[in-house]
Amino acid sequence: MTKKIKSVYVFASLSIVGIGLLNLLSVMSKKIKDLLALNKAIGPYSGKVILGILIGLLFALLYYSLAKDNKINFKKWNIFFVVSLLIGLLLIFTPFLELFE
Amino acid sequence: MGSEEFISLLHGFLGTIVLMSFSGVLLGLFSLNKNRYNILKYSIIIMTIAVILIDIFGMMIYAVYRETNADSAKSKILASDKPWVHEILMEFKEFSGIYVAIILILASFLVIEFKDELFKNKQIRNTLVLMMTLAMLLTLITFGLGAYITKVQSI
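In order, the protein sequence lines correspond to chains A and B. Just so we're aligned, residue 1 is where the first sequence starts under this note's numbering, counting upward by one. Just so we're aligned, residue 1001 is where the second sequence starts under this note's numbering, counting upward by one.
In short, the hints are calculated from the structure, not lab data. Misleading hints may appear alongside valid ones.
Stated by the list, open to error - Under the rule of at most 35 Å between Cα atoms (straight-line distance), these lysine-lysine pairs were calculated in the DSBU-like manner:
(1) Lys3/A with Lys1151/B
(2) Lys75/A with Lys1122/B
(3) Lys1082/B with Lys1034/B
(4) Lys3/A with Lys71/A
(5) Lys1082/B with Lys3/A
Stated by the list, open to error - The following residues of chain A were derived to be distant from chain B, with all beta-carbon distances above 12 Å:
(6) Ile16
(7) Gly20
(8) Ser29
(9) Ile32
(10) Leu61
(11) Lys68
The C-beta atom is built at its ideal place from N, Cα and C for all residues, glycine as well.
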């Protein structure tokens, strides 16, 4: 059971960081920005969200298949999640992203 | 009423559902009563589904917002004396709503998986309080930004 919860933590944390990183990459490279435009109507936003979530899902499945079902240390996982969220929030904050333009 | 207006209306209405469900989550979480587990479970599931739907409808509205013609809300904001409303606020809002859905998916799994332990184990309860606090803080920021952007320029 704990393996499932840990995998959801991995999904949530890495999806958020993944979306943020794709946003950063699209700021750094026009080519990547164009590639991320999976849907014409909403532009690169579509690719950032879909691929970011797929990154999280992929790592969660990988973690689920490799991890052991031992006791969960909530403190450790919560820190991992909150740090990921903070990184994710920083990577969608335009004044920070302008440093990489 | 056009389809865009209807979708905007649904987008706002679901926001109300999120806030109402949140009160159910609070009741279930802080009453420490096992009999209220179902209120907690269904409230958090409804809240998560509502946020996911808000995000989907939000994307549909975003398509109208960012149309390339000069009459679109994005073009008007960028041409105004407040381009930062799009460049900073809208860019942030686009993703913060998605983050809320992701946090709520995690919180829903916690509630469903730890059914029995939830009312006994303080660590799990505190984790859920943390997730709900983060989700609500981001929700309020996203709602606030949405209201401000609409006030500056509606679609």
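Do the hints match the structure? See the list:
no. : hint                     : in the structure
1   : Lys3/A with Lys1151/B    : 46 Å, violated
2   : Lys75/A with Lys1122/B   : 12 Å, holds
3   : Lys1082/B with Lys1034/B : 51 Å, violated
4   : Lys3/A with Lys71/A      : 9 Å, holds
5   : Lys1082/B with Lys3/A    : 48 Å, violated
6   : Ile16                    : 6 Å, violated
7   : Gly20                    : 8 Å, violated
8   : Ser29                    : 17 Å, holds
9   : Ile32                    : 16 Å, holds
10  : Leu61                    : 15 Å, holds
11  : Lys68                    : 17 Å, holds
Of the hints listed earlier, those the structure fails to meet are numbers 1, 3, 5, 6, 7, in rising order.
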